[in-house]
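Asks: Chain residues, written in single-letter form:
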Amino acid sequence: MPKLQELQDLTVQVRRDILRMVHKVNSGHPGGSLGCTEFIVALYNEVMELKDGFDMDGKDEDLFFLSNGHISPVFYSVLARKGYFPVEELNTFRLIDSRLQGHPTTHEGLPGVRIASGSLGQGMSVALGAAQAKKLNKDSKLVYTLHGDGELQEGQNWEAIMYAAGKKVDNIISTIDYNGQQIDGATNDVLPMGDLKKKFEAFGWDVLDIKEGNDLEAVIKGMKEAKSRTGKGKPVCVLLHTVMGHGVDFMMYTHAWHGKAPNDEQLATALGQNPETLGDY
Amino acid sequence: MKKYIDQGKNDTRSGFGAGLTELGRTNPNVVALCADLVGSLKMEKFIEENPERFFQIGIAEANMMGIAAGLTIGGKIPFTGTFANFSTGRVYDQIRQSIAYSDKNVKICASHAGVTLGEDGATHQILEDLGLMKMLPGMTVINTCDYNQTKAATIAIAEHHGPVYLRFGRPKVANFTPVDQKFEIGKAVMLNEGTDVTIVATGHLVWEALIAAENLEKQGISAEVINIHTIKPLDGEAVLKSVKKTGCVVTAEEHNYLGGLGESISGFLATTHPTPQEFVATKDTFGESGTPEQLMDKYGLNNKAIVNAVVNVLKRK
Numbered sequence: 001m002p003k004l005q006e007l008q009d010l011t012v013q014v015r016r017d018i019l020r021m022v023h024k025v026n027s028g029h030p031g032g033s034l035g036c037t038e039f040i041v042a043l044y045n046e047v048m049e050l051k052d053g054f055d056m057d058g059k060d061e062d063l064f065f066l067s068n069g070h071i072s073p074v075f076y077s078v079l080a081r082k083g084y085f086p087v088e089e090l091n092t093f094r095l096i097d098s099r100l101q102g103h104p105t106t107h108e109g110l111p112g113v114r115i116a117s118g119s120l121g122q123g124m125s126v127a128l129g130a131a132q133a134k135k136l137n138k139d140s141k142l143v144y145t146l147h148g149d150g151e152l153q154e155g156q157n158w159e160a161i162m163y164a165a166g167k168k169v170d171n172i173i174s175t176i177d178y179n180g181q182q183i184d185g186a187t188n189d190v191l192p193m194g195d196l197k198k199k200f201e202a203f204g205w206d207v208l209d210i211k212e213g214n215d216l217e218a219v220i221k222g223m224k225e226a227k228s229r230t231g232k233g234k235p236v237c238v239l240l241h242t243v244m245g246h247g248v249d250f251m252m253y254t255h256a257w258h259g260k261a262p263n264d265e266q267l268a269t270a271l272g273q274n275p276e277t278l279g280d281y
Numbered sequence: 001m002k003k004y005i006d007q008g009k010n011d012t013r014s015g016f017g018a019g020l021t022e023l024g025r026t027n028p029n030v031v032a033l034c035a036d037l038v039g040s041l042k043m044e045k046f047i048e049e050n051p052e053r054f055f056q057i058g059i060a061e062a063n064m065m066g067i068a069a070g071l072t073i074g075g076k077i078p079f080t081g082t083f084a085n086f087s088t089g090r091v092y093d094q095i096r097q098s099i100a101y102s103d104k105n106v107k108i109c110a111s112h113a114g115v116t117l118g119e120d121g122a123t124h125q126i127l128e129d130l131g132l133m134k135m136l137p138g139m140t141v142i143n144t145c146d147y148n149q150t151k152a153a154t155i156a157i158a159e160h161h162g163p164v165y166l167r168f169g170r171p172k173v174a175n176f177t178p179v180d181q182k183f184e185i186g187k188a189v190m191l192n193e194g195t196d197v198t199i200v201a202t203g204h205l206v207w208e209a210l211i212a213a214e215n216l217e218k219q220g221i222s223a224e225v226i227n228i229h230t231i232k233p234l235d236g237e238a239v240l241k242s243v244k245k246t247g248c249v250v251t252a253e254e255h256n257y258l259g260g261l262g263e264s265i266s267g268f269l270a271t272t273h274p275t276p277q278e279f280v281a282t283k284d285t286f287g288e289s290g291t292p293e294q295l296m297d298k299y300g301l302n303n304k305a306i307v308n309a310v311v312n313v314l315k316r317k
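Residue numbers (the working numbering), protein chains in the order written: chain A, 1 to 281; chain B, 1 to 317.
Bear in mind the hints are in silico, worked out from the structure with no lab data behind them. All residues carry an ideal CB built from backbone N, CA and C; glycine is no exception. Incorrect hints may have been included.
[To be verified] Derived CB-CB ranges, DEER-like:
#  : chain 1 : residue 1 : chain 2 : residue 2 : range
1  : A       : 225       : B       : 89        : 41 to 47 Å
2  : B       : 39        : A       : 96        : 49 to 55 Å
3  : B       : 58        : A       : 225       : 29 to 35 Å
4  : A       : 137       : B       : 44        : 43 to 49 Å
5  : B       : 26        : A       : 137       : 17 to 23 Å
6  : A       : 153       : B       : 268       : 57 to 63 Å
7  : A       : 197       : B       : 93        : 27 to 33 Å
8  : B       : 39        : A       : 91        : 53 to 59 Å
9  : A       : 264       : B       : 28        : 56 to 62 Å
10 : A       : 197       : B       : 36        : 27 to 33 Å
11 : A       : 95        : B       : 93        : 23 to 29 Å
12 : A       : 162       : B       : 28        : 48 to 54 Å
13 : B       : 93        : A       : 96        : 49 to 55 Å
14 : B       : 93        : A       : 250       : 47 to 53 Å
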C-alpha cells in the first residue's frame, strides 16, 4: 500500500486540525473526533469511490452520512483536506457567519455535507433513503454511515435497523464507533446496550468487527472486507472498536474529553504528540 | 351572493390519492412512503401502478421521515403518508433536522387532521399541527378544503421545490372547487365578495363559511369569504385588501386558536392594519370521540359558530 505513509501523515495532520479547531473556540467534541480519525481518513481516501467536486444528489459515487454530528471537527478536517472546501476555512469552525457550524448542516451550503446531523439517531434513516434512491436510479455505488455507540440508545435507529434488513437494503455499510463512552460516562454505566453484534445479527445484518479501529491499515482492510459483503441481500454493519481521544495520551480511555476543549497548555502537549506533517491550516 | 354547487360529497384524502395517482403517471421522480396506513391515505392506486416507487415503512414514522429526506438525495420527490398526528408531533425533530433544516424536498401529506377524524378520539385528532409546521423555517403549510382542491394541491406541490406540509381530512365533505381550478401555493381564493365582514377560512371550514355567508345575507349582512388554503406563506395582501374594505375579520379553522390560521392573520394584521377579529377554532382543548358533525358542533367549528363570531365582531367595528 504505497499510499499508507501518506495517509498516516494525513491522520496526524487531521488530529492537529481537530485539536486546534476546538481549542480556538473553546468548545466542540475532540474525543470522538480523535477516535474516528483513522476511519474518516480511510473512508475518504482509500475506501469510498468519489467523483471530483460536489453535488447534492451524488449520483454514481459513494455517499457518506455522519449521524453522530458532534464529531464534526474530524469530518470538516477530512473534507477540507480532500479538497471539498479551502483548508483555511477550518479557522471559522463554530464562529458566527461560518459554514462550519457546531454540527454539520446543508443549510450553509458547505460542500461535502448532505444532511444536517447533531440531534442523534437520524442518520441511518436518511442513509437508507439515499441507498434506496440509488437502487431506483440503477446506481451501483454504496452508502456509508457512522454512528456513535451511545447514539444507538435512540429508538429511531432500531426502526432503521429493522427496516434495512427487512427490505434488503444491501448497498449500505453502517459503522458503529464502538468506544464504549458517552457524555455521562461509560455506555455500560449510562445504559448498557448488551451485545451489539448479536443485536444487529438478530435484526438480520451482516456484522463484522474491526478490532483495531485506530490502526489505519486494519481499518482499510476491514472496510474493504465490509465492501465485499455488500450486494448480498443484507445490510452490512461494522463494529469499529476505537479509543475515544486516540492520539493524545491524556484524552484516551475516558469520556472526559467528549465535549471539552483543551486549554493552551494541554493543546501544546497534545500537538507535541502529533507533530505537523502536511502543514497546519 | 355567488352560488357554489356541491358536486357530490367526497373526502379530501381521496383527492390526495387521486393527485398522487396522477403524479405517478406524469412525474417519474415522485415516490411515495407510508407508515402502515395505505388504505386510509388512499394510496392504493399509486402503489398498484408504481410498485417500485412505493416504500412501505411499517409503523415507524420517524424512520419514514428520515428515509424520505434521504430519497431526495438522488433526485426523488418523496410524498409521505400517515395521519396528521403521526406526521407532525410524533416526528417533529426528524422533520426539523432531517427535512426542514436540511432543505429537503419532502412532501409531508397528512390525513385525518382535526376533530373530524371522529370516533378514534383525541389521541388521533391533532389540533396543533398547523402551528407546529408553520413554525419551521422554510416549511410551506397547506390545508385544503375539498376533494378537487386537495387533488390540485397534491399535484402542485410536486412542482414546488422545498418541504411542504399538506393537511387534509377523513370525512366526506362538499366538493365545490371547480375541477379545473389551478392551485397556486400562497395565493388566497376569493369565494364571495362582501362589504361588512371578512371571513377567512381554511380546510373543512371553508364550506361552512359559505353556508354562514348565505345565512348572514338573509340577515342583511354582506360577508366576504376568502379561502386561505396556504397558511404559510400567507397571502397577506389578499387579507389586507379585504379588511380595509370590511373593517373586521373572522377566521375559521379546524385547529387550536393558538398556532393556527387565525393567529397568523392576527399577527399579520397587528403590524399592518389592526382589525377587530374573532376566532372560530378550538379553544386550547383536546378533542374526544364522537361523529364529525357532533364534534364540529360541540367545539364550535361550523357555520353556526361562524355566524355567531360575525355577529360578535361586527359589534367591535
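Asks: All hints are to be evaluated individually against the structure, with a verdict given for each.
Replies: Hints and how they fare:
Distance hint for residue 225 (chain A) and residue 89 (chain B): a CB-CB separation of about 43 Å, consistent with the stated range 41 to 47 Å. At roughly 50 Å, the beta carbons of residue 39 (chain B) and residue 96 (chain A) sit within the given window of 49 to 55 Å. For residue 58 (chain B) and residue 225 (chain A), the Cβ-Cβ distance of about 31 Å falls inside the hinted range of 29 to 35 Å, so the restraint holds. Residue 137 (chain A) and residue 44 (chain B) have their C-beta atoms about 25 Å apart, which leaves the hinted 43 to 49 Å range violated.
Against the hinted window of 17 to 23 Å, the Cβ-Cβ separation of residue 26 (chain B) and residue 137 (chain A) comes to about 19 Å, which satisfies the hint. Taking the beta carbon of each, residue 153 (chain A) and residue 268 (chain B) are about 43 Å apart, not inside 57 to 63 Å as hinted. Checking the proposed 27 to 33 Å range against residue 197 (chain A) and residue 93 (chain B) shows it holds: the Cβ atoms sit about 29 Å from each other. Range check, residue 39 (chain B) to residue 91 (chain A): about 56 Å between beta-carbon atoms, so the 53 to 59 Å window is met.
Separated by about 58 Å at the C-beta atoms, residue 264 (chain A) and residue 28 (chain B) satisfy the suggested range of 56 to 62 Å. At roughly 30 Å, the beta carbons of residue 197 (chain A) and residue 36 (chain B) sit within the given window of 27 to 33 Å. The beta-carbon spacing between residue 95 (chain A) and residue 93 (chain B), approximately 26 Å, falls within the hinted interval of 23 to 29 Å. Checked against the hint of 48 to 54 Å, the pair residue 162 (chain A) and residue 28 (chain B) fails, with Cβ atoms roughly 29 Å apart.
The beta-carbon spacing between residue 93 (chain B) and residue 96 (chain A), approximately 25 Å, falls outside the hinted interval of 49 to 55 Å. Take residue 93 (chain B) and residue 250 (chain A): their Cβ atoms lie about 35 Å apart, and the range 47 to 53 Å is violated.
Checked against the numbered hints above, the structure breaks hints 4, 6, 12, 13 and 14 and satisfies the rest.
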